[in-house]
Structure formats: C-alpha cells, structure tokens
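There are 2 protein chains.
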Amino acid sequence: MSSEMDGGVGMNQMRGEQSICFEQPVPILSSASVVGKKEGEGPLGSCFDCIQEDPTFGEDNWESAESAMQKEVMERALAKAGIRKEDLRMIFSGDLQAQSVASSFGLQELGRPVYQLYGACSTMGEALGLAAMAVAGGYALYAGAVTSSHFASAEKEFRFPLEYGNQRPLSATWTVTGSGACILGGGKKKAAVTGVTSGRIIDYGYKDSLNMGACMAPAACDTICHNLRDFGYGPEEYDQIITGDLGEVGQTILLDLLRKEGIDLEGRHSDCGLLIFDNEKQDTHSGGSGCGCSAAVFASYILPKIERGEWKKVLFLPTGALLSKVSYNEGRTIPGIAQGVIVECLEER
Amino acid sequence: MSSEMDGGVGMNQMRGEQSICFEQPVPILSSASVVGKKEGEGPLGSCFDCIQEDPTFGEDNWESAESAMQKEVMERALAKAGIRKEDLRMIFSGDLQAQSVASSFGLQELGRPVYQLYGACSTMGEALGLAAMAVAGGYALYAGAVTSSHFASAEKEFRFPLEYGNQRPLSATWTVTGSGACILGGGKKKAAVTGVTSGRIIDYGYKDSLNMGACMAPAACDTICHNLRDFGYGPEEYDQIITGDLGEVGQTILLDLLRKEGIDLEGRHSDCGLLIFDNEKQDTHSGGSGCGCSAAVFASYILPKIERGEWKKVLFLPTGALLSKVSYNEGRTIPGIAQGVIVECLEER
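So the protein sequences, as listed, match chains A and B.
Under the working numbering, the residue at position 1 of the first sequence is numbered 1, and the numbers go up by one with no gaps.
Under the working numbering, the residue at position 223 of the second sequence is numbered 223, and the numbers go up by one with no gaps.
These aren't lab readings, by the way, just hints derived from the structure by calculation.
You can't tell identical chains apart in this list, so a pair holds if it fits in one copy or across any two.
Dumping the calculated EDC-like pairs for lysine to aspartate or glutamate here, alpha-carbon to alpha-carbon at most 20 angstroms:
#1 K325 - E155
#2 K85 - D230
#3 K85 - D203
#4 K207 - D60
#5 K325 - D60
#6 K188 - D87
#7 K37 - D283
#8 K207 - E248
#9 K156 - E330
#10 K189 - E307
#11 K325 - E59
#12 K207 - E155
#13 K85 - E17
#14 K207 - E109
#15 K207 - E59
#16 K189 - D87
#17 K80 - D49
#18 K80 - E109
Remember, predicted model here, so these are calculated numbers, not experimental data.
Using the sequences provided together with the hints, build the complete structure.
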C-alpha cells in the first residue's frame with residue numbers, strides 16, 4: 001500500500017484533511033513522570049514516578065527547577081526503556097517559559113539532538129505526534145517526547161508575581177508543577193501511537209487569560225471533529241477522548257460545542273486538568289493546566305491504562321492557549337490549538 | 001532498500017549519529033521573502049519579493065507587524081507554488097517572540113494545521129528539516145516552513161527599549177526585520193532537500209547576549225562535524241556551507257574551531273548575517289541575525305542560486321542562541337544550536 005504522494009516514498013497514509021494513519025503502529029517503549037508536592041497530594045499521587053517535596057528541585061530559581069525536572073524525567077524514561085541516551089536519535093521538547101529555556105537547560109547534558117517546540121499546553125501532543133512521525137518515517141530508531149511546566153515559573157511568565165497574592169477567579173486553572181516524558185520506537189510493546197490529527201489555530205475572540213478553558217475549547221472541538229471525520233469514526237470508536245487542560249469551564253464548553261456538531265461525548269470525555277487535582281479539596285478552581293499537566297497525566301495514568309488493556313483506544317488531545325504577556329497586554333485575543341494523537345493497546349492486534 | 005528500524009516502515013535512511021538521507025529528494029516548490037527597509041537597502045535588496053517601507057507593516061505594534069509579515073510571506077509562497085492553501089497539510093513555523101505569538105497571530109487566518117517551533121535563530125533549519133521529513137514520510141503532499149523576526153520586537157524582547165538608545169558593542173548583531181517561507185512537496189523541481197543533520201545543544205559557557213556569534217559558533221562547528229562524519233564527506237562535497245547568523249565574530253570563531261578539527265572551510269563558508277547587510281555602510285556591526293535573517297536569505301538568494309545550478313549542493317545551517325531575558329538576568333549561560341539541511345540542485349540527478 002503506497003501513499004498518494006509524489007516526492008518521497010512512504011507506507012504511511014494521509015487521512016482526510018488533517019490526519020495521518022501510521023502503517024506500522026509506533027510503540028511507546030517507556031514513560032516517566034516527575035511532579036511537585038501539590039500534584040503528589042492529588043488523586044493521581046500514587047501513579048507518578050517521582051514526587052519532589054522541594055519546589056525548587058534543589059536549584060536557585062523556578063526556571064532552573066523546571067529544567068531539573070526535565071533532566072530527571074528524561075533520565076527516568078531512558079532507564080525504564082532500557083536504552084542508552086546515545087540510542088536516542090532526537091528529542092522533541094517544550095515548555096511554557098519564554099524562548100523555551102526550561103528545555104534548553106534541561107536537555108543539554110543529555111547531548112542528543114533536540115527539536116524544541118512551542119504549542120503552549122498542547123506541546124506534549126505536538127511532541128508525541130512528531131516523535132511518532134520521526135520513528136514511522138525511518139528517521140529514528142528511538143525518539144523522545146518531553147514537556148514540563150512549573151506553577152511558579154508560569155505565574156511569573158504569564159500573570160502576577162507570587163508575592164502579590166492576587167485573587168484568582170473560579171475560571172482560572174492551576175499550572176501543574178510537573179514533567180512527563182515518553183520514549184517511542186523499538187520492537188513490539190503493549191501500547192503504540194497509531195495515528196495523528198494535526199491541530200489548527202482557532203480563535204473565537206476570547207481575551208481572558210484567567211479563563212483559558214474557554215479559549216481552548218473551540219480548538220479541541222475543531223481537532224476532535226476533524227479526527228472523527230478524517231477517519232470516518234463515531235465517538236464510540238474511542239474508549240476515552242482526553243483533552244489536556246480545559247478544566248471544568250472548558251469541558252462544559254467543549255461538550256456544548258460538540259453537541260451542536262451532533263457529537264455526544266458524555267461519559268467518554270476526560271481532561272488531564274480534571275484528573276490531576278481534586279478541585280474541591282485542593283482549591284485549584286477550574287483544574288490543572290500547563291505543558292506538564294497533560295504530559296505527566298499521560299505518562300503516569302493514561303498510558304498505563306492503555307498498556308493494561310483497560311482502554312483499547314484513546315484520542316489524547318493536549319490543548320494550548322496561544323498567548324504571551326505582551327500579546328495579552330496589547331489587547332490581543334487568545335487563540336487555541338489542540339494536537340491529537342491516537343494511542344492504542346496492541347494486545348488484540 | 002529498507003531502513004534498519006523495527007517499528008514503522010520507511011525507505012528513508014539514518015546516517016551516522018545525527019543525520020538522515022531521504023530516499024527521494026523532497027522538492028522545494030516555492031519560496032518567498034518579505035523584509036523591512038534597511039534589509040532592502042542591503043546587498044540582497046534586489047532579491048527580495050517585497051520590501052516594506054513601513055516598519056509597522058500597517059499595524060499598531062511591532063508584534064503585530066511581525067505577524068503581518070508572516071501572513072504576507074506565506075500568501076506569496078503559496079501563490080508562487082500555484083497551490084491553494086487547502087493543499088497545505090501542515091506548516092512548521094516559528095519566531096523569536098515569547099510564546100511564538102508572531103506565528104500564532106500570523107498564521108491563524110490560513111486555517112491550516114500548524115506545528116510551532118522554537119529554535120531561536122535556528123528555527124528555519126528546524127522548520128525546513130521537519131517539513132522535509134513530513135513530506136518524505138508520506139504525511140503531507142505539501143508542507144510549509146516559515147519564520148520571522150523584527151528588529152523592534154526582538155530588541156524589546158531580549159535587550160533594551162528602543163527609546164533608551166543603548167550603545168551596541170561591535171560584537172553585537174542587528175536583528176533582521178524579515179520573514180522567509182518555503183513550500184515543500186509536489187513533483188520534480190529544480191532544488192530539493194536531500195538530507196538533514198539534527199542539532200545538539202552546545203554550551204561553551206559564554207554569557208554575553210551582545211556577542212551571540214560566539215555563543216552559537218561551537219554549535220555550528222558541532223553540527224558541521226557531525227554532518228561530514230555521518231555522510232563520510234569532506235568539506236569539498238559542498239559548494240557552500242552557509243550558517244545562519246554568526247556574523248563576523250562568530251565566523252572567525254567557527255573557522256578556528258573547525259581548523260582544530262582538521263576541517264578547512266576557507267572560501268566555502270558564508271553566513272546569512274554577513275550576506276544581508278553591508279556592515280561597514282549600514283552600521284550593523286557584526287552582521288544580521290534573527291529567525292527572519294536566514295529564512296529571508298535562503299528564500300531570496302540561496303535557493304535561487306541552487307535552482308540555477310550555480311551551487312550544486314549546499315549545507316544550510318541556521319544557528320540559534322538559546323537565551324531569554326529571564327535566563328540572561330539569572331546569570332545563565334547562552335547555549336547554541338545549529339540545525340543542518342542539505343539542499344541540492346536536481347538538474348544533474
């Protein structure tokens with residue numbers, strides 16, 4: 001079976017307008033997660049590989065703390081994969097800091113080629129998708145995907161100094177201090193990436209950076225609709241469709257928007273931002289957010305459930321709000337993007 | 001000829017430690033460039049598709065001006081390629097602004113899937129490499145690569161307010177106001193991407209953000225050495241090895257570092273930062289820099305020379321300095337990265 005393209009030879013297939021179906025599933029060889037104290041106290045506390053009590057991770061500042069997390073999580077993912085760092089042909093990485101410096105400083109000691117990405121909180125979807133494309137395209141035997149966020153570095157980057165102690169509206173999300181990594185490639189494994197739906201930038205004109213769920217929900221809706229249409233699926237194809245960090249507010253909007261498209265996800269949708277915290281008990285308002293939220297939840301909770309066969313097929317869909325403090329202060333809107341990755345249990349294949 | 005990998009099927013080949021050789025060259029269907037007034041007054045003035053006299057590009061602020069450039073350059077590249085925007089399956093994009101907002105706002109009206117990248121001034125190498133991988137892997141019939149920079153938005157992002165009128169040392173580079181785009185894919189064309197060498201993050205411990213050439217030269221040296229070693233080439237394999245924006249200071253260091261590795265590039269090396277400005281006449285000190293520098297020079301000058309057969313084979317190597325104003329103010333070093341792309345004239349193939 002050959003693809004329809006002229007230049008280049010591939011056995012992978014484009015599907016519909018925005019999707020890819022890999023001829024051979026791309027195995028996820030290992031995953032690892034490192035989180036902070038608050039995340040460790042949440043409902044997924046027992047799932048994470050490492051809960052670090054010290055929010056500075058032994059470093060001098062929040063930014064370096066985030067780099068330390070990325071370094072730690074990559075080392076753990078490599079150890080669990082049982083491969084040497086030299087075997088890792090490329091790493092797709094990202095974070096929320098300006099100019100992605102958490103990745104720059106976190107990954108340099110590994111000494112492996114890096115493609116840094118910026119997709120806001122959708123970056124783990126972007127990283128997993130591109131890493132799977134790299135392996136399926138024959139460009140890498142093993143490729144890494146890693147992202148991180150840190151509550152304190154994100155508040156400083158996007159909102160107010162922590163010392164200011166500002167009030168947070170109930171629509172606000174709480175940036176997760178955490179990092180997740182996956183190693184893709186190698187031989188037969190229990191779970192694999194079998195497809196990708198690339199995301200478009202969707203802008204409904206919202207401007208409230210303390211209600212990012214509302215900013216991202218239209219993008220999540222757009223990518224889900226494209227995924228189902230491109231593959232000719234109904235929502236029942238998936239055991240779960242799991243967005244990144246829409247939170248309670250964004251989830252409500254997403255389910256409403258999808259209903260208008262004739263798609264009912266009730267009972268089939270979850271959101272990493274709602275899985276990682278107990279909003280009532282932990283005072284996290286609408287839920288968790290950040291590049292590290294979907295990455296840590298995927299690595300610690302979603303992937304193991306797929307590997308155990310509890311879920312046969314999942315659409316993992318990290319969501320990003322595309323703003324900077326400059327764009328916000330200049331009165332720009334906050335567009336969203338959602339990058340979709342299909343992950344399947346291989347047991348029955 | 002099949003690749004050595006287990007998972008996934010591909011006809012592309014990994015070479016050595018960090019390189020890829022595409023089984024089928026990936027055609028570059030079109031390119032376009034948009035620059036500001038100062039760039040238009042430089043040695044390449046007659047090569048650019050559009051020279052905009054108004055530094056705000058008709059917008060209210062520098063950041064929006066940069067987005068307007070990305071929109072304009074993509075529309076021009078699509079028109080020159082003779083394809084509809086709907087045919088573009090994915091766009092790899094980036095800029096220097098925090099959270100890459102120039103791309104977010106510049107590309108949203110196109111309505112096509114976007115993978116945003118951050119590789120500082122190396123981003124056009126990253127974008128071209130990943131776009132070529134997407135086409136050669138069978139994931140896209142057509143993929144776009146676009147980056148931009150703007151002198152005023154970059155000074156504001158990384159250095160001092162323009163109104164402050166700070167003195168610039170002679171080692172400083174001048175951020176190019178410009179954007180370049182390429183459309184990859186389709187049938188036989190005159191030039192194509194035939195290989196990629198992915199870059200590592202290299203840190204020699206420099207901390208001077210007004211001498212970025214020195215910060216990036218070790219990374220350029222590292223990627224060049226890997227490229228030559230991975231493919232078994234001598235430097236004479238290439239008509240030109242063209243770095244992104246090392247400038248005069250960085251070029252001197254690169255040639256010195258390579259000589260220590262036994263590689264003599266004398267007469268075979270050029271640098272987009274040295275091509276775009278006349279440093280003496282235009283008071284640009286060490287040369288041009290920015291994501292838009294290598295992109296605009298590649299689109300307007302390097303690619304046409306390859307298409308005309310004046311150069312048969314070029315290693316295009318955009319270079320990035322991985323810093324943010326936060327990392328700088330926290331006293332961190334400035335690591336570098338260089339992403340290599342091999343571009344060849346197809347006439348004699």
